[in-house]
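2 protein chains.
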Amino acid sequence: MDSKVYFQADALTEFCREVFIRHGMTADDAGITADVLVTADMRGIPSHGIGRLQRYVNGLKTGQMKANAETEIIRDTPVSTVINANGTMGPPVSVKAMESVIEKARNNGASFACVYESNHFGIAGYYAMMALKHDMIGIAMTNTAALGVPTFGRQVMFGTNPLAFCAPAEKEGAFVLDMSTTVVSRGKIEVYDREGKALPHNWAVDKTGKSATDAGKILDDMFHRYGGGILPLGGLGEMFGGYKGYGLAVMVDILCSVLCGAPFGSQISDTATSSARVSHFFGAIKIDNFRNAGEFRGDMDKMLSQLRNTPAAEGEEQVYFAGQKEMEHEKSARKNGIPLSPSTINNLGKIAGELQIEFPASVNKNKGE
Amino acid sequence: MDSKVYFQADALTEFCREVFIRHGMTADDAGITADVLVTADMRGIPSHGIGRLQRYVNGLKTGQMKANAETEIIRDTPVSTVINANGTMGPPVSVKAMESVIEKARNNGASFACVYESNHFGIAGYYAMMALKHDMIGIAMTNTAALGVPTFGRQVMFGTNPLAFCAPAEKEGAFVLDMSTTVVSRGKIEVYDREGKALPHNWAVDKTGKSATDAGKILDDMFHRYGGGILPLGGLGEMFGGYKGYGLAVMVDILCSVLCGAPFGSQISDTATSSARVSHFFGAIKIDNFRNAGEFRGDMDKMLSQLRNTPAAEGEEQVYFAGQKEMEHEKSARKNGIPLSPSTINNLGKIAGELQIEFPASVNKNKGE
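Note that the protein sequences, when read in sequence, are chains A and B.
With the numbering used here applied, the first sequence closes on residue 379, and no number is skipped along the way.
With the numbering used here applied, the second sequence closes on residue 379, and no number is skipped along the way.
What the hints contain is simulated information worked out from the structure, not anything from laboratory work.
Certain hints may be false.
No copy is singled out in the list; a pair is fine if it fits within one copy or between any two copies.
Said to hold, decoys possible - Below 25 Å or equal to it, Euclidean Cα-Cα: the simulated PhoX-like pairs (lysine-lysine) are:
{"id": "1", "residue 1": "181", "residue 2": "143"}
{"id": "2", "residue 1": "220", "residue 2": "335"}
{"id": "3", "residue 1": "312", "residue 2": "217"}
{"id": "4", "residue 1": "312", "residue 2": "335"}
A quick note: this is a predicted structure, and the numbers were derived from the prediction, not measured.
This is chain A alone, in the form it adopts within the complex (with noise of 0.2 Å):
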């Protein structure tokens, strides 16, 4: 049963970019940090979504994350950028930053760029995929509150820490690979804690470091540190290949942070009401260096067309390539718009009373519901 209610994304973006724009950002940097959190919905990743502003909102209330802090450059050569954000909104600096970075890998071939002191930055893959419209692989990165234990471990030392990774494409569109290093996010945890179901094993260990099931218990004992958290991708111990996600997580931690000497690991934690200041690492490679960039894309057409195409395992419809289910998600959204949850809806009406600013509606009744 779909108790979901449908809005139109455009109208969306532009409640959050007025609710930004109240508490202090320019129009533009609303408008970016609007669009970055409807992309998530519209690609239907709703943890990364409007479901989020209440989060913003209130970094911004606390000063965690600042309405119009100015961003310093540290470091600037042909191939690599160092940002300080001081503090500022992850999405504004992440999209300039981004966007340095595809003009100096036109210039140049490649070029990369770290940026710290910054704040939440939604989806890594909206950075990466800002590169595909360039003939260029887009790659983004960000570390996060420390929520992950690493092997043979019990206590979290690195954060679920994404990368993205994406290619362009002709007609199958472009493969973008967007993922945590952990094996899930805090978020799918939090889902099992309000249904009261517990957690598969090899997801998280409690204390002791051993597999733990109880999504509340380690929810609480991971924002106290008391000990356990969640597994790297490969789960528990060496089975299942977890060294390889736990490798994984550190490496873009390195690329975070260590390149540019920001806060690293168990250094980073998140607020009661925000998320913690982060480092985002984010590169492009050109791909004319290499090759013709449009023949590039019509290998790439081949490899993904042959991929969603191979025959599924039984009792699967198919298989998908990264990005595609993505990609459909965001054609359906903008037709039959963006669906919500009641929570959601609440939550973003809450949001536009306190401000005395109008939320918009539904757009159900053009679904023929």
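For chain A, the structure is supplied; the task is to place chain B on it using the hints.
Positioned in the frame of chain A, the structure of chain B alone reads:
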């Protein structure tokens, strides 16, 4: 009970070098290839060590691997290189590509190379680690014969596609992540087959795409492409993030092959006696362009010592960072020699006999045994 016999690394390297020279390689190329194999043994990765010599010799005998093919530079810019290896041995062309990448990164800040029509290159970490002493981040990847089944699929569509990433530290050595993107390598399944053990669930699927435990049957079905194969890191379905390992494997394939127009995915098959022609991707990023390299190494020391000193889970001894065990293994191997199994020694003896060269004596007496 340790039934292994120990040999001096230098003696094994010299033996391999002589074997390669007798098969037509130049002394330099033979020396590089020998060093790559023996380094794998020294680092405790015998699956990629001297035990593979027979498959390299087979490759040279059948012409799958060419002792002295001319390699061609197809594209050459300050930050990119594309090399057609023309079927030459993997290690020498890979060392030369990585040397050029490092030289270009020194001058331009970052650089990347694709090598196609190459052969098995041993451990990816060998090339990534070449960047360490130049205060650079090192990257190396390769595609392999298709052995991996995508999430929800039942046919092999990508290789075990390893990726290596390393970053220099000071006292702690270095962070060296070197991992296949499938949950296990084929070698691991071969070990279970030899020992007649059932595979754990979530390692591989059968022809129908269901989790399977019969190692011998899976190896046979994979070799003949009847269906089934190894699962990506994260295992079966989406519950444990299998789509992430699948996405990483395709990412490696894009960088190694689509970026330079080489065969990819299911187009790549091993022969019965040797490995498939494959493509590699190498990269180096100069740390000084972001931050003083000495400060970087200092922070890496902090990060890595925090990781190895974090409390262990109950029942475990300690937490390791990526590359730590391999570094310790290398230290021990330099002192005590390299352990080889009876079957490997037997096989190397046959190669020695065929060429009428001497196989080195063991050093077990030095260990006081």
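Going down the list of hints, with the structure as the test:
no., hint, in the structure
1, 181 / 143, "within (13 Å within a copy, 44 Å between copies)"
2, 220 / 335, "between (34 Å within a copy, 22 Å between copies)"
3, 312 / 217, "between (48 Å within a copy, 24 Å between copies)"
4, 312 / 335, "within (18 Å within a copy, 40 Å between copies)"
Comparing the model with each numbered hint stated earlier shows that all of them hold.
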